[in-house]
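Chemist: Residues per chain, in single letters:
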Amino acid sequence: MSADNARPSCESVLDAFAVESEHGRATLQRYLELYPEYAGELIDLSRELSRAGVNDMEPLSPADQSLIDAAWGQHKAAVSTTTAAPLASLTVDDWRAVASELDVPRQVVTALREKRIALASIPVRFLKQFADATRSSIDQLEAFWSADQLAGARSYKADGKPSIGDQVTFEQALIEAGVPAEKRASLLAEAD
Amino acid sequence: MSSAPESVDIAQKPEAPSSGAAAVSPLRKRSLNGVPYERAPEIEALIADLAVLPRDELVARAEIKKRSDPGYVPSECLLYFVRASRADNNERWFERLYRILAERILRSLPRAEHPDGKTEALTRGVVRDKVFARFTELLAADRAGYIDKLDFFEIRFDNALANLRRDAQTQAWRDENRSKPLEYDEESGELSPEVEAAAGVHDPFAASEFDDPAYRSRLDAAIEALPTEQSRIIEMLRQGFPIDSKEPGVMTIAKALGRSEKTIRTYRDKAFAALRSAMTEGDGQ
Chain H
700 MSADNARPSC
710 ESVLDAFAVE
720 SEHGRATLQR
730 YLELYPEYAG
740 ELIDLSRELS
750 RAGVNDMEPL
760 SPADQSLIDA
770 AWGQHKAAVS
780 TTTAAPLASL
790 TVDDWRAVAS
800 ELDVPRQVVT
810 ALREKRIALA
820 SIPVRFLKQF
830 ADATRSSIDQ
840 LEAFWSADQL
850 AGARSYKADG
860 KPSIGDQVTF
870 EQALIEAGVP
880 AEKRASLLAE
890 AD
Chain V
2 MSSAPESVDI
12 AQKPEAPSSG
22 AAAVSPLRKR
32 SLNGVPYERA
42 PEIEALIADL
52 AVLPRDELVA
62 RAEIKKRSDP
72 GYVPSECLLY
82 FVRASRADNN
92 ERWFERLYRI
102 LAERILRSLP
112 RAEHPDGKTE
122 ALTRGVVRDK
132 VFARFTELLA
142 ADRAGYIDKL
152 DFFEIRFDNA
162 LANLRRDAQT
172 QAWRDENRSK
182 PLEYDEESGE
192 LSPEVEAAAG
202 VHDPFAASEF
212 DDPAYRSRLD
222 AAIEALPTEQ
232 SRIIEMLRQG
242 FPIDSKEPGV
252 MTIAKALGRS
262 EKTIRTYRDK
272 AFAALRSAMT
282 EGDGQ
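So the protein sequences, as listed, match chains H and V. In terms of the working numbering, the first sequence opens at residue 700 and continues consecutively. In terms of the working numbering, the second sequence opens at residue 2 and continues consecutively.
With the rest of the complex left out, here is chain H (with noise of 0.2 Å):
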């Protein structure tokens, strides 16, 4: 039934199990005659998610009170990544939606992943619908145009760091997107 040829993998079936809005006999059932090469893990997880929920009111033992600390410096560490890169994971299928979402073209939205617009030149309103449809923030889009690196994967082809003069303004790359002049009035406004 799926899209594609490849047989999903057993964790994708697994979790979208989980997710479906009722575990009885029927949905089980579905399951295991779409998916029978996984009926063991399937079967399992239907019994986890009929067991009754757990919520211990007791305090904290100190183990788990060290158990949180630990994980909570492991998250800190994990912060300087995406203040380097906050785009970096986003794949094709999210650019497209971004761009969708942002009602631009396509081209207009590789510029701004590859910083060839002057961030200046970018209203604020719409940097924070970008900020918002990239899931970053206006601080970390900020961090990231002034990171000496390209991000993206088309950075090899720089020989030397990019200058201001590899930009171009924002109103430019809409120009050169070929957005009509009232749409491009309407992206360069900085309020409704």
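Hints are computed from structural coordinates only; laboratory data are not their basis. Note that the coordinates shown come from a computational prediction; the quantities given were computed from them, not determined experimentally. No residue lacks a Cβ here, since even glycine has one placed at the ideal position from N, Cα and C. Any given hint could turn out to be false.
Unchecked claim - Cβ-Cβ distance ranges computed for the label pairs, FRET-style:
1. H:R706 <-> V:S69: 24 to 34 Å
2. V:V60 <-> H:A776: 20 to 30 Å
3. H:P735 <-> V:E64: 39 to 49 Å
4. H:E710 <-> V:A41: 18 to 28 Å
5. V:S246 <-> H:R795: 44 to 54 Å
6. H:D865 <-> V:E64: 40 to 50 Å
7. H:Q764 <-> V:K247: 52 to 62 Å
8. V:S218 <-> H:E841: 43 to 53 Å
Unchecked claim - Incomplete in silico selection of chain V near chain H, CB under 7 Å:
9. S26
10. L28
11. R56
12. A103
13. A145
14. Y147
15. F153
16. I156
Start from chain H and add chain V according to the hints.
Modeler: Showing chain V alone in chain H's frame:
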């Protein structure tokens, strides 16, 4: 008692964080059929309401532990804010949310020191540690780059966590070498008269105490302690699947598990006997 601020008027919260008032970012994960997943509408609406609360107020709401409290913030929403605040420079507020979420994970996992059998308790501790480690790894990775597996936790948190539990349990069992039924020969399957008698009288799901949470929790623990194949048979029986059927289109336990009808019956009887003895030992009965 509390003036449940469930219906906060978005427009009237000037002290709200400036983050584009209540625009909730969509999930990225797609279903097996390629359809994008969505959060439950009530979760989405609550996120939008909570997003405009002052931060301290949101943290105070998130700290409510009782699910029945009208101000309780479901973990689906809490996770949304933890993930969304990866983009936030205010580490202190973010840390508070993170710790609340991490604590919830631990509170939802049975502790090792639960007073059941020793082996199960040990496994339970291992499972708890594994699930917690896996979840916090996913969160950390999500901070560095979007991890769409976490979307499942925003769709149905408890269910996604149950799936992590299953995964951790499988690993723990593999480590314990429990997946192989060690105690008896699979196909020779003659049961001792004692086992047969015990199995005959005991259907654990028909017990009158079945709705009692304490009974359920002990039964869950007893099923968890069974060899894998037996616990799977028990689960399929619970769901009402027949062991075998003459009709070709019917999904049966024998078909799903790729075993003969006789083997399934033998395992079922073993399992019932084990459950019966687990449920009657201990507290006076």
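Chemist: Now tell me, hint by hint, if it's right for this structure.
Modeler: Tested hints:
The hinted range of 24 to 34 Å is not satisfied by H:R706 and V:S69, whose Cβ atoms lie roughly 43 Å apart. Between V:V60 and H:A776 the beta carbon distance is about 23 Å. The supplied range of 20 to 30 Å therefore holds. One distance hint, 39 to 49 Å for the beta-carbon pair H:P735 and V:E64, holds here, with the actual separation near 45 Å. The hinted range of 18 to 28 Å is satisfied by H:E710 and V:A41, whose Cβ atoms lie roughly 23 Å apart.
The given range of 44 to 54 Å is respected by V:S246 and H:R795, whose C-beta atoms sit roughly 47 Å from each other. Taken as a hint, the range 40 to 50 Å holds for the pair H:D865 and V:E64, whose Cβ atoms sit roughly 49 Å apart. Against the hinted window of 52 to 62 Å, the Cβ-Cβ separation of H:Q764 and V:K247 comes to about 58 Å, which satisfies the hint. Under the hint 43 to 53 Å, the C-beta atoms of V:S218 and H:E841, about 52 Å apart, fit the expected range.
Below 7 Å, beta-carbon pairs count as interface contacts, and V:S26 has one with chain H at about 6 Å; its hint therefore holds. Look at V:L28: its Cβ only gets to about 11 Å from chain H, farther than 7 Å, so that hint breaks. About 15 Å separates the beta-carbon of V:R56 from the nearest beta-carbon of chain H, more than 7 Å, and the hint is not met. The interface hint given for V:A103 holds, since its Cβ lies 5 Å from the closest Cβ of chain H, which is under the 7 Å cut-off.
The interface hint given for V:A145 is met, as the beta carbon of that residue sits about 4 Å from the closest beta carbon of chain H, less than 7 Å. With a least beta-carbon distance of about 5 Å to chain H, the hint placing V:Y147 at the interface is held under the 7 Å criterion. A cut of 7 Å between beta carbons decides the hint on V:F153: the least distance to chain H is about 5 Å, and the hint holds. For V:I156, the shortest C-beta to C-beta distance to chain H is roughly 5 Å, which falls under 7 Å, so the interface hint holds.
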